[in-house]
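Novice: For reference, the chains in residue letters:
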Amino acid sequence: MNILGISAHYHDSAAALVVDGVPICAVQEERLSRHKGDAAFPLLAIEWCLQNARIEPDDLDAVVFYERPMLKFDRVLTCALRAFPQSWRAFPKAMKNLLGEKVWMRGIISSQLGVPGRKVLFTEHHQAHAAAAFLTAPTRRAAIMTADAVGEWATLSVGDGERGSNGTTKIRRFREIRFPHSLGMLYSTFTAYLGFKVNEDEYKVMGLAAYGKPTMVEQVRKLICRTPDGAFALDLSYFEFHTTAKRSYSPRFAELFGPPRNPYEPIDLDTAEGQRFADCAASVQRVLEDTLVELARTLHQETGLADLCFGGGVALNGVANARLLAESGFERIFVPPAPGDAGCAMGAALYCDRIHFGNPDRDLPDHPFWGPSVDGSELARIAQEDGHHVETLRDSALIEQTADDLAANRIVGWMEGALEFGPRALGHRSILTAPRTTEMRDRLNREIKYREPFRPFAPVVPTDVAGRYFDIPRGGTRLARFMSGVFPVRPEWKSQLQAITHVDGTARVQVLDPAMAPRLHALLEAYGQRTGIPVLLNTSFNLAGEPIVNRAVEGYSTFLRSKIDVLVAGGTRVTKRSSAVGSTEAERIREEVA
Amino acid sequence: MDSPRPHERPTAFDRMLTPVHRWIWSDTNRRVQKLLRFGETETDGGRDILRAAEVTSDPLLRRLYLEHAIDEFRHGILFRHRAAELLRVSRSHSNIGFQGDWLAPGGHGLDDLQVDGESDQTMLAFLHLSEKAAASRFCIYRDVMQHDPPTRAIFEEILHDETFHMNYTLTQLARVEPQQHKRHLWRARLSRLWKAYLRLATSLAAILGSILLTIQYFVLLPPFAWMAKRAAHRESAGWTAVSPTSSDSLNRQY
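Heads up: the protein sequence lines correspond to chains H and E, in order. Going by our numbering, the first residue of the first sequence is number 306, and it counts up by one from there. Going by our numbering, the first residue of the second sequence is number 718, and it counts up by one from there.
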């Protein structure tokens with residue numbers, strides 16, 4: 306049975322293909338279209354999935370969209386009515402937006418793919434999040450919590466999932482909190498207030514929070530109060546996201562927290578103003594964590610289960626995830642590699658297979674590598690054409706050479722195998738370098754990633770030695786598998802892991818199982834043999850504002866535009882030669898024509 | 718002031734609009750918004766040209782596109798930094814009313830060009846015309862910016878790059894298509910005209926749509942808004958139970 310899952314039209318659209326109950330491939334549209342956060346209908350992703358699996362659209366048994374468009378329309382229209390007449394500016398935009406395309410998903414999918422309308426199905430948004438979290442996790446029974454900005458109406462839901470011994474699967478949602486009361490929107494409002502991009506830069510708020518003190522928790526608690534039934538509600542007088550698309554927060558919000566940050570001014574943490582912004586970030590982060598912990602604790606008491614599957618965009622908050630593990634009572638927390646909307650493509654397809662069609666449960670590969678594979682020969686060809694230094698090496702030689710590069714403080718662009726599905730680079734499209742010094746961190750920020758100095762870099766470490774360098778609690782290894790938890794760096798190693806130790810002494814560590822990425826694991830060991838510390842700094846292979854690279858040629862162009870020293874794709878290793886043929890030819894032309 | 722080089726002469730149409738441009742750029746708030754928008758346009762254009770570098774099979778074009786893309790990214794940064802400086806001085810904020818965007822579309826951008834599907838010839842012809850149009854426009858901007866020397870210097874610098882971009886795209890087009898490069902330029906001109914028409918038509922349609930929807934909003938919606946508000950008062954905050962049967966069928970869109 307062939308089932309295609311699609312998520313689109315909000316942010317980060319994606320497609321995923323499930324064949325006979327097992328995911329075959331999945332990719333975000335942005336990785337193919339090269340437009341970061343591409344929300345367009347994911348035609349490229351769909352085409353790639355079908356081509357990769359050698360399946361024609363006629364062979365699809367179902368195409369599942371990750372939310373119910375008319376239910377979403379209902380929410381938008383209802384909110385516009387409730388906000389009458391303040392919503393008069395937002396109303397035409399919202400209607401054109403929805404009626405122009407988004408509510409006609411059955412027709413769009415049917416016409417784009419040439420499949421009959423009866424094959425087009427719809428899950429609810431949080432149902433897809435729940436399925437993505439539970440059905441990809443290696444657990445038989447678990448509580449499920451999903452939280453994001455908003456789906457159709459739900460912003461947070463709790464429930465449970467069970468794989469029966471007879472192969473049956475159940476996913477139940479007990480209850481939900483509905484828009485406009487939303488933890489995701491609360492966090493996004495602060496993201497906007499702090500001058501970052503909503504739906505994109507929330508992780509910057511988390512990074513900034515470590516520099517601040519939660520001195521404004523009481524003010525944040527004015528914005529969100531607990532309801533008698535244990536849920537929460539936002540005080541809407543502080544927000545405008547439900548009435549207008551123009552601004553998330555109201556003048557009252559700005560009165561409470563002070564003037565918002567100008568997005569074009571850098572945050573200077575040495576000034577009182579910069580520190581106020583950091584304190585703001587720390588305060589909302591604290592309230593988010595507290596709320597999640599209380600909700601999860603109640604869910605744990607209610608279900609008595611040891612495992613929690615956590616999905617939705619809020620599950621990308623690694624600091625909150627670590628607190629959930631420490632304080633909610635759950636022994637293990639499973640966050641999928643793509644907990645956000647992109648992952649809903651996979652969740653919707655799996656939900657359709659297990660629940661709608663009632664197909665028996667299958668064990669799924671426990672990795673994030675579902676995208677296109679890199680072709681080292683493509684890199685060799687183009688780099689040779691440009692006259693750069695190219696070597697094609699056997700695996701062992703390549704690992705040794707790369708370990709030498711890293712030990713010599715070179716920055717390596719590392720591409721191997723299939724592309725990651727989800728926002729994290731987990732070792733197949735990574736920039737790797739030595740984690741020892743702050744100079745390396747500053748160099749990466751300044752010369753390669755071109756990003757704010759307050760943002761931390763993440764480490765990758767083999768599972769078996771992770772506990773030596775990081776204080777990973779029981780159950781934390783699972784959370785760290787897909788870089789979903791933030792844990793303390795052990796004090797005795799902080800001085801030798803300066804580049805990946807955040808200002809609060811923590812790191813968003815990835816613990817690497819050799820079966821998941823054997824070559825990277827071998828590289829870590831080879832690097833460890835040279836330096837004594839098998840830990841590398843691992844950051845996504847992209848430049849600011851660009852999606853993570855997919856093909857070798859994209860890695861190559863990133864390599865040429867930045868100060869990455871070495872590029873590895875498959876078995877090909879490239880280093881820059883300043884007198885490269887293409888370079889001199891282009892310079893000659895520049896002189897001639899300018 | 719040096720006399721302008723031939724490629725730095727604005728078109729007659731742009732010259733005609735000089736007073737409008739002068740008025741638009743005279744206000745600091747409008748200037749900030751324009752610069753920020755140019756910053757985005759240049760960066761977006763840079764990404765598209767970078768994509769062209771990644772998809773071309775011609776090694777020399779790859780290198781030139783890459784340099785071109787780097788220039789565009791740099792222009793984006795120059796515009797953003799200048800806008801930030803002006804913001805810092807003026808403490809202005811976002812809502813500044815009329816900007817005359819339809820008169821002054823700014824940097825070239827790549828419209829809706831699907832870079833992945835285009836041949837080198839089409840791409841070069843398109844880029845050449847875009848750069849030429851941008852150079853003409855930037856020439857006017859530079860000339861009307863005498864009251865703001867730092868911004869003027871930025872346009873001067875970018876104009877120099879645009880000249881290079883304009884020239885290399887033409888010479889490369891002649892290289893990759895020696896016989897028919899003029900035909901490609903004419904096709905690109907027609908394509909730009911068509912896209913301009915589409916932009917205008919969709920803008921008009923959007924304006925008409927907004928007007929009709931706004932009328933409906935005030936005429937038809939009030940009773941429903943009253944009912945929706947009443948319903949909202951009856952709703953209690955907190956948990957809403959999810960019915961076990963609510964998601965039984967995946968056929969429903971509702």
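Everything labelled a hint here was simulated from the structure, so no lab data went into it. Any given hint could be a false lead.
Taking lysine-lysine pairs in the DSS-like style, the calculated list, with each CA pair at most 27 Å apart, reads [said to hold, decoys possible]:
(1) H:LYS398 - E:LYS912
(2) H:LYS341 - E:LYS912
(3) H:LYS424 - H:LYS341
Far from chain H, by Cβ distances over 12 Å, these chain E residues were calculated [stated by the list, open to error]:
(4) ALA770
(5) GLU784
(6) ARG797
(7) GLN831
(8) ALA870
(9) GLU873
(10) PRO895
(11) GLN933
(12) ALA949
(13) SER963
From the three backbone atoms N, C-alpha and C, an ideal C-beta is built for every residue, glycine too.
Novice: Hint by hint, say whether it matches the structure.
Specialist: Comparing the hints with the structure gives:
1. H:LYS398 - E:LYS912: 23 Å, holds
2. H:LYS341 - E:LYS912: 24 Å, holds
3. H:LYS424 - H:LYS341: 30 Å, violated
4. ALA770: The assertion about E:ALA770 is violated, with a minimum of 6 Å to chain H.
5. GLU784: 6 Å, violated
6. ARG797: Violated: least Cβ distance 6 Å, not greater than 12 Å.
7. GLN831: 10 Å, violated
8. ALA870: 18 Å, holds
9. GLU873: 14 Å, holds
10. PRO895: Given a closest Cβ separation of 16 Å, the condition holds.
11. GLN933: 9 Å, violated
12. ALA949: Violated, since 5 Å does not exceed 12 Å.
13. SER963: At about 8 Å from chain H, E:SER963 fails to clear the 12 Å cut-off, so the statement is violated.
Hints 3, 4, 5, 6, 7, 11, 12, 13 from the earlier list are contradicted by this structure; the remaining hints agree with it.
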